[in-house]
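Now for the letters of each chain:
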Amino acid sequence: MRVVISNIEIIPGKKIVKHLGLVQGNTVRTKHFGRDFMAGLKNIVGGELVGYTELLTESRQEATDRMVKQAEAIGANAILNVRYSTSSVTSGAAELFAYGTAVVLAD
Amino acid sequence: MIAELFVFTGLLLIGFIAGQVLEYRHLRSIRHREQRLGPILTFAKRFPANQQHQQAPHLVTGCVVISVDYFKRFVAMLYLLIGGRVKPYESLLERGRREALLRMKEQALALNANLIVNVKIETAAISKGATAQQIGCVEVLAYGTALRDPNLTS
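Order-wise, the sequence lines are chains W and R. In terms of my numbering, the first sequence is residues 1 to 107. In terms of my numbering, the second sequence is residues 1001 to 1154.
Hint data in this document are derived by calculation from the structure and do not stem from the laboratory. C-beta atoms are modelled at their ideal positions from N, C-alpha and C, and glycine is treated no differently. Possibly wrong hints are sitting among the right ones.
Coverage of chain R stretches by chain W, computed from C-beta distances (three or more under 8 Å per stretch; other residues unrestricted) [stated by the list, open to error]:
1. 1011-1022
2. 1112-1120
List time: in silico DSBU-like cross-link candidates among lysine-lysine, alpha-carbon distance up to 35 Å [unchecked claim]:
3. K18/W - K1120/R
4. K42/W - K1120/R
5. K31/W - K1087/R
6. K1045/R - K69/W
7. K31/W - K1120/R
8. K1087/R - K42/W
9. K1045/R - K15/W
10. K1087/R - K18/W
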């Protein structure tokens, strides 16, 4: 069954029957040279840096997937109160982090 | 020296003209999409008002990385000397937030949801520690839980 991911603490119409603790997923990503170069050019005229947006979206998905994998491994069917955070570890690399509370839901 | 000055002025000019045009177009597209996505309500509160008859919740996210142009970056540097509101960056962040919210709403629309609760907006400077030319690019992430409330008529 698909794991329900939500950033609210309750799911309408469902009951939390078991609390399994915190699950988390992270990834550290860096952009490659080509993207960096294009972003540098785009920096002159301003606006959206599409390459970076895609990179961060992919990385966030990766972090979420890892969190879901962890939740599945301990037998949860939902992750509640999910939070995202981004931090730049060194110049040019960003860490994407997702965490939440793994629970078992029942009707 | 002369060549450097020439390049600098050229970049300022390109940044000014292209930046203005792109910003104008972006804001116009934002206004247009905001009207279209108006029926999807967003709440910063944690719980939906009506907790009955809602379909399975889904986490929706909207993410954008946006940067200022060369001219605005130069102006912002001047503001550092005199202090006060740094308008070029204010408009940058406003555009980023509105864009991120819109992308989140678009995801919600695709899931056939009509409200998003517990919306969080997060801003991160992803080019920290980079060279001076890289400063002025931020990532804005908006996320929340998309739900469907059949009592809400759109």
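Straight-line alpha-carbon gap K18/W to K1120/R, limit 35 Å: holds, 26 Å
Is it true that the CA of K1045/R sits at most 35 Å from the CA of K69/W? holds, 29 Å
Given the hint that K1087/R pairs with K18/W, test it: the Cα-Cα distance must not exceed 35 Å. violated, 50 Å
Compare the distance between the alpha carbons of K1087/R and K42/W with 35 Å, and conclude whether the hinted pair is satisfied. holds, 20 Å
Quickly compare the C-alpha distance for K42/W and K1120/R to 35 Å and report which way the hint goes. Measuring from Cα to Cα gives roughly 28 Å; hence the hint holds.
Please verify the coverage claim for the region 1011-1022 of chain R: does it have three or more residues whose C-beta sits within 8 Å of some C-beta in chain W? holds (count 6)
Is K1045/R close enough to K15/W, meaning Cα to Cα at most 35 Å? Distance ~20 Å between K1045/R and K15/W Cα, so the pair holds.
Taking beta carbons only, do three or more residues of the region 1112-1120 of chain R come closer than 8 Å to chain W? Check passed, 3 qualifying residues.
For the pair supplied as a hint, K31/W and K1120/R, is the alpha-carbon distance within the 35 Å limit? holds, 26 Å
Mind checking the alpha carbons of K31/W and K1087/R for me, to see if they're no more than 35 Å apart? holds, 29 Å
In this structure, only the earlier hint numbered 10 is contradicted, and the remaining ones agree with it.
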